[in-house]
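Start from the sequences and build out the full structure, keeping to the hints where you can.
Chains as they are written, first to last, in the working numbering: chain A, 1 to 192; chain B, 1 to 197; chain C, 1 to 518.
Derived by calculation from the structure, the hints in this document are not laboratory data.
Each residue gets a CB set at the ideal place from its N, CA and C atoms; glycine is no exception.
One or more hints might be untrue.
As the list claims (entries may be wrong) - Label pairs and their computed distance ranges (CB to CB):
{"hint": "1", "chain 1": "C", "residue 1": "N164", "chain 2": "A", "residue 2": "A93", "range": "42 to 52 Å"}
{"hint": "2", "chain 1": "C", "residue 1": "N217", "chain 2": "B", "residue 2": "R82", "range": "45 to 55 Å"}
{"hint": "3", "chain 1": "B", "residue 1": "Y175", "chain 2": "A", "residue 2": "G30", "range": "24 to 34 Å"}
{"hint": "4", "chain 1": "A", "residue 1": "S96", "chain 2": "B", "residue 2": "R113", "range": "50 to 60 Å"}
{"hint": "5", "chain 1": "B", "residue 1": "P163", "chain 2": "C", "residue 2": "R52", "range": "25 to 35 Å"}
{"hint": "6", "chain 1": "B", "residue 1": "R113", "chain 2": "C", "residue 2": "A487", "range": "36 to 46 Å"}
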Amino acid sequence: MSSYIFLLISAVLVNNIVFVKILGLCPFMGVSKKRETAYGMGVATTFVLTFATGACFVIDHHLLTPFGLDYLRTIAFIITIAAVVQLTEMIIAKTSPALQQTLGIYLPLITTNCAVLGVPLLNISRDHGFVESLLFGAGSAIGFSLALILFAGIRERMESADIPRPFQGAAIAMITAGLMSLAFMGFAGLDR
Amino acid sequence: MDVLTAIAILTLGAALLGAALGFAAVHFRVEGNPLTEKIAALLPQTQCGQCGYPGCKPYAEAIAQGGADINLCAPGGEDGVRKIAELLGLEIKPLAEGAAQKPPAVARIVEDRCIGCTLCIQACPVDAIVGAAKQMHTVISSLCTGCELCLPPCPENCIEMLPVQETTENWAWRYPARVPALPPLALSPAASGENSC
Amino acid sequence: MLKRPLAFRGGIRLAHHKYESAHSPIASAPLPERLILPLRQSAGRAPEPIVREGDRVKKGDRIAAAEEWISASLHAPTSGTVRAIGPFPVAHPSGLSAPAIVIEADGADEWGEKTPLLDSPARSAANRAALSPEETQRFLQNMGVVGLGGAVFPSHVKLSRAPNTPLQTLIINGAECEPFITCDDRLMRERADDVISGTLFLRDLLEVKETLIAVENNKPEAADALRAALARADAAREIRDVAVMELPAIYPAGSIKQLIFALTGKRAPAHVLPTALGVQCFNAATVYCVWRAVAHGEPVTHRVVTLTGNVEHPGNMEVPLGMPMGQLLALARPRPETDACIVGGPMMGFLLTDERAPVVKGSNCLIARSDAFFPPLEPETSCIRCTSCAQVCPQGLQPYELYWWSRAKNSEKAARYQLMECIECGCCAYVCPAHIPLVQYFRFAKGEVRAAEKAQDMAARAKERFEFRQLRAEREKAERAEKLARAAALQAEKLALAAVTDTDSPANAQTPTTENAP
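Structure, rendered in structure tokens:
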């Protein structure tokens, strides 16, 4: 049981997918201008990632490995993720059209989000079981959401700050992300 | 043989996922576009038609369906564009060409030239002009949105747009002028000492 | 009733600067040749002029009548002739002009007819029973009684009861917390009997449980004078529920929200009127004017103005409304290094932009400005987030957050930090070590918020009218279509009938069709 908790904490904080593994930077930079959008993206990614890890685990262990088709893993995973993303988009369109508009292009782009592909692949390479896979997926997604929301909060305030001209826009965002990444390094050593 | 298995398995997987998506597409169908109301709430409701649509709601519908640009509303100005952009998560654009924001104004009928043709009454989208046939008309200025739709139909050209004057009643405090932390470099002895407030 | 006033949150102790002007009695200002009376001298709608150019008016004659409930009438402060009605410079931070009535004094200063509400002060008790509150309210509106503390809210409006909260406490605000100002202080000292009579009149009218007269403890003479006057009134008839309360002199103790909290422990959020808490509050000078109006039939035509700052003869003067401020300040002999004139107190006042601007009902103080009294502003530097401003904010706001958003012109965010709760007292800017003019930023942002609200209202109304118009157009269209359909049906019927008759008599066949031809 405690190993599950450690796995979760590790995925959320210690090995935060954005700040430590430096994955999923595209939506991290793109959808972090407003907190409301960040919440929406966080929820969508959490949903997609948890489902995708589960589905990918099943496909890998019960379809690819028995037939010796390990070399098809990437392509199979991408198709699975794409389907889950499509499903999510339909659900969001039904439940919250404003969120769908706000997420805009980033919602379909979850498909090509390296974090979403990276987590199932990491699961395979770490020999995680089904529950562990799900936990790792959910944990990574929560970590992603956390990073996104914190960053959006900072960026919202930065809108009104006196930023020197050369640093305005993406530059200051990168610097801020770097500093946050340094801060998250502080969690290292928490789980072991 | 391996290749055939691979093809078969991937086809099977794809077919399963496709079936699931097809089911979802039927099950989660969205009726109408609930965004329209939200966009309409951000528009100034002048009903002026300067965006090229006959009123604010049609324009909101056009934006919601993705057919119209968000920077066409002149009375809403840059601020209006910013709000719509925020709602839809789009980039903020400058106002479209020809859609320059004018200072707020209200229409006024030059009363001795009005012939009482009622054409302006029919044109006013918010019923802000009162009068009867062959009687002088007048604009209720508190209801006038300044849309200028009454100007073209007037055969006498007797409607003029009066910019809203600043009075002690509608005046608001200005943005404070920032006193520079370091006084500007005095180049000549005469220029120094003029930095008092 | 609280034994001792509560300490409100925040606030600052300031150098009072009251002694300069408080030591001499109220003097009478000489009558100027021309009086300029801006129509708008109260909150709400400006009254409409009821005189024309060339009309003769006597002192106390009504020259502009209130046409709406939140509005108060205006009266001639002296006898003379109406010379002009039009825009004139007024004392306003914008420096804009506003419509005004100009009266040329004839020097006779002859009173018109006085019609007091209470026939004579001696019979007042009997009369009072017969008075309806509405009658009193209309009377005060016609007498032009407005809050003289600076907000100039029409007093008669404040006499309406809240629908479901009974009034419990009446507060008479004699705190006068801003430095330099002593007009209420002198008024309470010299005319305490009238202030007390007015207080008792309002108390009887509002039927409150307790009445508290609040005076800051840096004005012991005023408090003593009020207590003595109260004792005299008590000798005539027993008064148990009126008390003079001394408040610690912490700015802004006289601000209505802070005052209500200090005296009753009740807090009023923004947009909530004190009446909803069962409290009503009047300025001491207003109460004096109420009494002059009801007992003597004198409308508000004069007010006491403090002249102080960098002048030779600081003091208080009873000034006819409409006297140019420059002329008035000259009476106190400004010293040579005076470079500007502050209207109002040093914390919340503004600089006079035109010395021809006249004294109005809300002008309580003119301060001759000089660098010795008010050292020039130091340049604004960056906020260091020391939170000194939050510690002194009497409203419990976070001025550093408000500043962050106001400066970035993001008034929506500022409003979420409760910008509209700000009372613009200036405590935050006073203590700011970075010399940021915080209040100026807040005033700007408040203007933006109000403009946005107004635009929203306008849009909602325009939308409603537009939609109704479309509905009407559709209905008209439907009605027309129905009419046409009915006409067509009728015609078809007739044709059918004609067809039937046609077989009987071919001679008649043509008639219905020709009749129905358009």
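Hints, verified against the model:
1. Remark: the range hint 42 to 52 Å for N164 of chain C to A93 of chain A is upheld by a beta-carbon distance near 48 Å.
2. Our hint of 45 to 55 Å for N217 of chain C and R82 of chain B holds, since their Cβ atoms are close to 52 Å apart.
3. A hinted range of 24 to 34 Å holds for the C-beta pair Y175 of chain B and G30 of chain A, which are about 32 Å apart.
4. In this structure the hint that S96 of chain A and R113 of chain B lie 50 to 60 Å apart at CB holds, the actual value being about 55 Å.
5. Between P163 of chain B and R52 of chain C, the C-beta spacing of about 30 Å keeps the proposed range 25 to 35 Å intact.
6. Between R113 of chain B and A487 of chain C, the C-beta spacing of about 40 Å keeps the proposed range 36 to 46 Å intact.
Hint compliance for this structure: every hint is met.
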